[in-house]
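**Q** So you can see what is in the structure, the chains are spelled out below.
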Amino acid sequence: MEITNQDFSNLLQYIFMGIQRGSIYALAAMGFNIIYNSTGVINFAQGEFVVYGGLMMVSLTMTMNLPVPVAFFFTVLFVMLIGILMERLTINTVKSPTVLRLVIITIGVSIFLEGIAMVSWGKNSHVLRHFSSSETFEVFGAMILPQTLWIIGILVFIALGFILFFNYTMTGKCMRACSINRDAARLVGINDRKMVMISFALSAGIGAIAGIIITPIIQMDYGRGTMLAIKGFGAAVVGGLGNSVGAIFAGILIGIIEAFGAGYISSHYMDAIALFFMLIVLFVKPSGIFGSSEASKLKEF
Amino acid sequence: MLRLVNVNSYYGLVHVLKNVSLHVNKGETVTLIGANGAGKSTTLRLISGLQSVKGGEVTFEGKDISRISAEKLVKLGIAHVPENRQIFRPMTVIENLELGGYLLYKENGKKELGKTIDEMFARFPILKERENQLAGTLSGGEQQMLAIAMALMCRPRLLLLDEPSMGLAPLIVKEIFNIINELKDQGDLTVLLVEQNANAALKIADRGYVMETGKIIIEEDAEALMKNQEVKRAYLGHDKREMWEK
Ligand SMILES: Nc1ncnc2c1ncn2[C@@H]1O[C@H](COP(=O)(O)OP(=O)(O)OP(=O)(O)O)[C@@H](O)[C@H]1O
Ligand SMILES: [Mg+2]
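Listed in order, the protein sequences are those of chains A and B. Counting from 1, position 209 in the first sequence corresponds to residue 257 in our numbering; the numbering is continuous, with no gaps. Counting from 1, position 229 in the second sequence corresponds to residue 257 in our numbering; the numbering is continuous, with no gaps.
Careful: at least some of the hints might be erroneous.
[Unchecked claim] Below, computed lysine to aspartate or glutamate pairings styled on DMTMM-like, alpha-carbon distance capped at 20 Å:
no.	chain 1	residue 1	chain 2	residue 2
1	A	143	B	99
2	A	242	B	135
3	A	242	B	99
4	B	100	A	231
5	B	103	A	231
[Stated by the list, open to error] A few chain A positions that, by computed beta-carbon distances, are all more than 12 Å from chain B:
no.	residue
6	141
7	181
8	189
9	314
10	329
11	337
[Claimed, not checked] So, partial list: chain B residues that the calculated Cβ filter (under 10 Å) puts toward chain A:
no.	residue
12	73
13	110
14	116
15	141
By construction, these hints were calculated from the structure, which means they are not laboratory data. Since the model is a prediction, treat every value here as computed from it, not as a measurement. Virtual Cβ for every residue (Gly too), placed ideally from N, Cα, C.
Working from the sequences, and respecting the hints, build out all of it.
**A** Below you can see the structure in the form of structure tokens.
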């Protein structure tokens, strides 16, 4: 079989589509990891942070007509506040926190937030203007949206910020210290509960950004949180829980596999193919593609 | 300086410390010796706030500290070097020292932090050589020195040391104990030292307590303890024949 230009254009199209979707999973996965590293818990409300990011951005730009950068800032701030409130009101008040208890709390919070979102924004999907033009341009026959470039650019920006924060700031180092050895961290005077709060704030902020940048493409409604959380969680697991570099690669990988599945097989099976891939990885290498068996010993962000 | 009166502590339902009373005066080196599982580490964890106190009182410089959390006690001047070298293994030596000086950084800024790290490097030259190495890849002795240096970063007045000699060659143990002695000579540091190696501990200590199954059974001067028949038999591990021949 001859490979034609058309085939190549399609391939490129799917890859871009995959990276675009995958960036969102990567961001959601990073959110999972931050909280996982500070508490050992999977935060099931992570998808809700993404939804609130998208919906709040819709309200601020489409209804209140704020300029995009301003709305972006306030949306992230708003969702971070939700994250902080969630930690202070639910997680922090648990007297003897076990992983199971905390996980169940996050499920409860997720259902609660979903309900509030339904009441506030209704059941319909919301449209958000693209950051710049919504006209596609052509690269080797593939049609690319400027928004896709925004998404990729913002993912890169956040990944760099992440590395700088955790490696070069005292707060970042303290958060790593807490996740490596909580008692030892407390013995140098680090307030571990405060670090947990910061991790919820950061995680919510990253989720919000994911929601803001994807909404122009997928449209947002109150019920999208669960699927986003599952894919993001999948990316976190495939990348090796707690490993954020792994999460970014795994997120993009899952996005690309989905896009290929949609393009070459059928778009009906898109979600199924992604989930199937995650299950295979878990069967073959439960610590994730990028996780090592050393991971638990050298747990890092 | 430090005083425990009839302190009790539990892990779940297990009663591990039973009416423990002890005190450490300012400037003293006091050692706490005893067999495995006697409750020595638990006693230190309780003083540093990692373990909760049930009944009894714990005072530090006259202040009740039994309800104060670990991270706040560091501010009051208590540093705890836990057993098994609890350093941050996936982080570099210098990052570990920075974290050790977290409170110093918060209160006095970056400059003071850097200065104190240099002081530590002067005292532990081996750490300077390993500055950018991951702490988990250091040798046992180096890790112990790092753990002590981290504790010293926040300029404590009371240092709680949990088995600093564990798993180390005699020469390294000697070096570490020498450092502890030096520290004491130079500043106003008070030390509470938990040890299996009773011999070495009693040599540098002023006084000692012997602990057995959660209770303090003997309190004496270090010299007297070294001569105490029961301590000799149980913890010093030599002169056995002498005892049998009697
Ligand atoms: N986290 C824990 N959960 C339950 N029991 C514990 C825990 N830690 C210690 N214990 C129990 O408490 C008792 C005292 O332990 P501790 O560690 O204080 O002894 P130790 O004197 O320091 O012993 P070693 O010399 O072996 O370090 C032991 O019986 C131990 O099994
Ligand atoms: Mg012990």
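**Q** Look at each hint and say if it fits the structure.
**A** Results for each hint:
1. 143/A x 99/B: holds (18 Å)
2. 242/A x 135/B: Holds. Residue 242/A to residue 135/B sits at ~17 Å (cutoff 20 Å).
3. 242/A x 99/B: Status holds; Cα separation ~11 Å.
4. 100/B x 231/A: Given that 20 Å is the threshold and the Cα spacing comes to 13 Å, the pair holds.
5. 103/B x 231/A: Satisfied, since the Cα-Cα distance of roughly 16 Å is no more than 20 Å.
6. 141: The assertion about residue 141/A holds, with a minimum of 16 Å to chain B.
7. 181: holds (45 Å)
8. 189: About 46 Å separates residue 189/A from the closest Cβ of chain B, which puts it past 12 Å; holds.
9. 314: Non-interface label on residue 314/A holds, nearest chain B Cβ at 44 Å vs cutoff 12 Å.
10. 329: Its Cβ never comes within 12 Å of chain B, the nearest being 24 Å, so this holds.
11. 337: Holds, because the least Cβ-Cβ distance between residue 337/A and chain B comes to about 20 Å, which exceeds 12 Å.
12. 73: At 8 Å from the nearest chain A Cβ, residue 73/B passes the 10 Å test, so the hint holds.
13. 110: holds (7 Å)
14. 116: At about 5 Å, which falls below the 10 Å cut-off, the nearest Cβ of chain A leaves the hint on residue 116/B intact, so it holds.
15. 141: holds (9 Å)
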